[in-house]
Amino acid sequence: MRTLTKIIAPALAVALGMGAALPASAHETRHEQSARHTPDRHEMDRARSIRSDIHGLRAQIDRAAARHRISYREANGLHRDARQIQRLYASYARDGLTHRETRVLKAKISKVQFALHMERSDRDGRRG
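Numbering (mature numbering (1 follows the signal peptide of the UniProt record, and there is no 0)), first residue to last: -26 to -1, 1 to 102.
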């Protein structure tokens, strides 16, 4: 009996220790595992489209600044707006983009594009 205890006790301790060391995903219930989000093709297309729009916006700002259509100060302000959109996109994209988040991002991109258009046409070198 004593030898059996010497063998089983350490094995039991190891087994219990392994259970505590399992990753959090192993402890999830079946409902939690099925509730995890996997993006579909349309979500990935929306995300790709938004990334492309943000990249294009930054390129437009750079091009306008390089051609001296907007001032350095105007370009900095527009770049700051584009970075804010990029950060918001990154925040939204963690869990996949919803239709509402896509609309919000597109609206913000359009707003900055309009501001770029206005800055190019005002020729005063100042923001706004």
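What the hints contain is simulated information worked out from the structure, not anything from laboratory work. Even for Gly, the Cβ is constructed at its ideal location relative to N, Cα and C. Warning: the hint list may mix true and false statements.
[Unchecked claim] Label pairs and their in silico Cβ distance ranges:
id : residue 1 : residue 2 : range
1  : 70        : 50        : 30 to 38 Å
2  : 50        : 84        : 17 to 25 Å
3  : 91        : 46        : 33 to 41 Å
[To be verified] Pairs of lysine to any residue, SDA-like flavour, derived with a Cα cap of 20 Å:
id : residue 1 : residue 2
4  : 80        : 65
5  : 80        : 28
6  : 82        : 33
7  : 82        : 41
8  : 80        : 96
9  : 80        : 47
10 : 85        : 64
11 : 85        : 62
12 : 82        : 42
13 : 85        : 30
14 : 80        : 40
Verification of the hints:
no. : hint                : in the structure
1   : 70 x 50: 30 to 38 Å : holds (32 Å)
2   : 50 x 84: 17 to 25 Å : holds (20 Å)
3   : 91 x 46: 33 to 41 Å : violated (18 Å)
4   : 80 x 65             : holds (15 Å)
5   : 80 x 28             : holds (9 Å)
6   : 82 x 33             : holds (16 Å)
7   : 82 x 41             : violated (24 Å)
8   : 80 x 96             : violated (24 Å)
9   : 80 x 47             : violated (24 Å)
10  : 85 x 64             : holds (19 Å)
11  : 85 x 62             : holds (15 Å)
12  : 82 x 42             : violated (24 Å)
13  : 85 x 30             : holds (14 Å)
14  : 80 x 40             : violated (25 Å)
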